[in-house]
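Listed in order, the protein sequences are those of chains A and B. Quick note on numbering: the first sequence equals residues 1 to 280 in the UniProt record's numbering. Quick note on numbering: the second sequence equals residues 1 to 221 in the UniProt record's numbering.
Derived by calculation from the structure, the hints in this document are not laboratory data. Keep in mind that a hint or two might mislead.
Derived pair list, reagent style BS3-like, types lysine-lysine, alpha-carbon separation capped at 25 Å [said to hold, decoys possible]: (1) B:Lys87 to B:Lys22; (2) B:Lys52 to A:Lys158; (3) B:Lys67 to A:Lys152; (4) A:Lys172 to B:Lys46; (5) A:Lys172 to A:Lys158; (6) B:Lys52 to B:Lys35; (7) B:Lys163 to A:Lys182; (8) A:Lys182 to A:Lys168; (9) A:Lys172 to A:Lys152; (10) A:Lys168 to A:Lys189; (11) B:Lys35 to B:Lys22; (12) B:Lys67 to A:Lys168; (13) B:Lys115 to B:Lys184; (14) B:Lys22 to A:Lys158; (15) A:Lys152 to B:Lys52.
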Amino acid sequence: MSDWTRGRRRDANNSEVENRSCGPSRGSNCRKRGIDGSLRANREMDGSGGEKGEHADGSSKHSDKRQDGFTTPESTGPVSRCSRQADWGSQVDDDEMRSSVHRDMQRYRRRILGAEVTQRERKTSSGSSGSCDSKEEDHMETDEAVLLRRQKQINYGKNTLAYDRYIKEVPKHMRQSGVHPKTPNKFRKYSRRSWDQQIKLWKVKLHAWDPPTEGGQDNVLDNIEELGLGDVMDIELDFPNLPDSQNASTTHSISLDGEDCLGTPVKVQKTESTVEPEMA
Amino acid sequence: MENTADDYRIQSFDLDTQMLLKRALNDPSSVNLEKVSDIIVDQSLKDQVFSKEAGRICYTIVQAEAKQSNGIVFRRNVLNRLQQEFKKREETRGRSLQEWVCYVTFICNVFDYLKVNNMPMVALVHPVYDCLLRLAQADALMNEEEVDCLVVQLHRIGEQLEKVNGPRMDQLFFLLRDGFLLQKGLTSMARLLLLEVLEFRAGGWVLSGTAHKYYYSEIAD
Numbered sequence: 001m002s003d004w005t006r007g008r009r010r011d012a013n014n015s016e017v018e019n020r021s022c023g024p025s026r027g028s029n030c031r032k033r034g035i036d037g038s039l040r041a042n043r044e045m046d047g048s049g050g051e052k053g054e055h056a057d058g059s060s061k062h063s064d065k066r067q068d069g070f071t072t073p074e075s076t077g078p079v080s081r082c083s084r085q086a087d088w089g090s091q092v093d094d095d096e097m098r099s100s101v102h103r104d105m106q107r108y109r110r111r112i113l114g115a116e117v118t119q120r121e122r123k124t125s126s127g128s129s130g131s132c133d134s135k136e137e138d139h140m141e142t143d144e145a146v147l148l149r150r151q152k153q154i155n156y157g158k159n160t161l162a163y164d165r166y167i168k169e170v171p172k173h174m175r176q177s178g179v180h181p182k183t184p185n186k187f188r189k190y191s192r193r194s195w196d197q198q199i200k201l202w203k204v205k206l207h208a209w210d211p212p213t214e215g216g217q218d219n220v221l222d223n224i225e226e227l228g229l230g231d232v233m234d235i236e237l238d239f240p241n242l243p244d245s246q247n248a249s250t251t252h253s254i255s256l257d258g259e260d261c262l263g264t265p266v267k268v269q270k271t272e273s274t275v276e277p278e279m280a
Numbered sequence: 001m002e003n004t005a006d007d008y009r010i011q012s013f014d015l016d017t018q019m020l021l022k023r024a025l026n027d028p029s030s031v032n033l034e035k036v037s038d039i040i041v042d043q044s045l046k047d048q049v050f051s052k053e054a055g056r057i058c059y060t061i062v063q064a065e066a067k068q069s070n071g072i073v074f075r076r077n078v079l080n081r082l083q084q085e086f087k088k089r090e091e092t093r094g095r096s097l098q099e100w101v102c103y104v105t106f107i108c109n110v111f112d113y114l115k116v117n118n119m120p121m122v123a124l125v126h127p128v129y130d131c132l133l134r135l136a137q138a139d140a141l142m143n144e145e146e147v148d149c150l151v152v153q154l155h156r157i158g159e160q161l162e163k164v165n166g167p168r169m170d171q172l173f174f175l176l177r178d179g180f181l182l183q184k185g186l187t188s189m190a191r192l193l194l195l196e197v198l199e200f201r202a203g204g205w206v207l208s209g210t211a212h213k214y215y216y217s218e219i220a221d
């Protein structure tokens, strides 16, 4: 158990390789870039193929199965040294993600500074206090490797048609915590297990916005229930007001516009099955 | 949309290709961006005028792709093609000076236009320096074509390059000073170009008014 936090890096690789190996088929039809996914595969073949394989050595288990561009979250983490030798395209992609994460970190720092100020004001004026985690900055995750790995997981989830549909259909101010998917906060300190679970739940919730297929989504809801919204509430500390779970069913059903159930449930089941080995 | 063919000097392409490029600019997800990037790189390598402009069209397609689908396919392809060409640059130079000059122009132009979060692409810094240092070697200084290319690139991206890696710029300018001072057989045009770029950097990447007059007016005072 404690290995989870101790040997984070090694574990990271292993567990995610496992995840991935279940993954490729799941929802690959929902990938935004799926249109030219085949193209990417081709491009991979010629030229850069050799080096690519070389540098991805450590994680080669999945790299050959996976379309590139969906390379797994861990590859910039532990393998980042090696990626220096990667092709220029990937180097620049990595740099971009790294600098974006750093930029986000500055933004987040500014934001929590602002939040602390208002909280202090509230405290003095009303006397009521959320003493829980006032010193946000102490709890901030600053390990670049961790942040990059998390960012990749987030990007992976966002790079879906479901996510596009979701942000279009539900404007930001309409989103309710506990009801709508909320991107996990990568700057919070979480155990590896908790983080991965959050990502998983988030993705499951996003599946409710999968584009209509022959398959239906009614089961998604049940599955969410099964996976336990309790966990999410546990985790989403940034929401002072408790999410009301009875709303969940109503909001979700909006997007379900009467599809029968074939396609998505399968995906969700797969998600679940990836949860199991990690729990054990 | 506001992107028109003439903005990007794509008239030299055949009509089908022009259509493809237009679509790439306006609706990148509807085309094979890998093919588009190959077309642009290939054209840059043989068309000197286009190689000076190609960074801009790349920039626009990269922006459009990112906006439309958050994609990076095009940028990856361009960069990886650039890398392939980089590996065989010496061979290219031996085969065709013009193609080599086009290559350097293109990579510098891409370096100039494509930024990552407003910063130069680190991956290109050393390759660009390698190219410029190659142009500063004795044998290259003998070719006005290469000297001209070197000087033009330094005017455009010299300052940025120095910011990201000062020591290599120093190294480059040692070569340029030596070339200017010591190398036998340089044409006076080559010396003029070298002198100007030496002054240009010495002035903090700006040419003083009088220097500008000296180099660019028909009649100096």
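Going through the hints against the structure:
1. B:Lys87 to B:Lys22: violated (31 Å)
2. B:Lys52 to A:Lys158: violated (36 Å)
3. B:Lys67 to A:Lys152: At roughly 19 Å apart (the allowed maximum being 25 Å), A:Lys152 and B:Lys67 satisfy the hint.
4. A:Lys172 to B:Lys46: Roughly 49 Å separates the two Cα atoms, so the pair is violated.
5. A:Lys172 to A:Lys158: Given that 25 Å is the threshold and the Cα spacing comes to 15 Å, the pair holds.
6. B:Lys52 to B:Lys35: holds (20 Å)
7. B:Lys163 to A:Lys182: Not OK: B:Lys163 and A:Lys182 at ~40 Å, beyond 25 Å, violated.
8. A:Lys182 to A:Lys168: Holds - the C-alpha atoms of A:Lys168 and A:Lys182 are around 14 Å apart, at most 25 Å.
9. A:Lys172 to A:Lys152: Holds - the C-alpha atoms of A:Lys152 and A:Lys172 are around 22 Å apart, at most 25 Å.
10. A:Lys168 to A:Lys189: Violated. A:Lys168 to A:Lys189 sits at ~30 Å, over the 25 Å cutoff.
11. B:Lys35 to B:Lys22: Judged against 25 Å, a Cα distance of about 13 Å means the pair holds.
12. B:Lys67 to A:Lys168: Distance of about 15 Å is within 25 Å: holds.
13. B:Lys115 to B:Lys184: violated (40 Å)
14. B:Lys22 to A:Lys158: violated (28 Å)
15. A:Lys152 to B:Lys52: Not satisfied, since the Cα-Cα distance of roughly 35 Å exceeds 25 Å.
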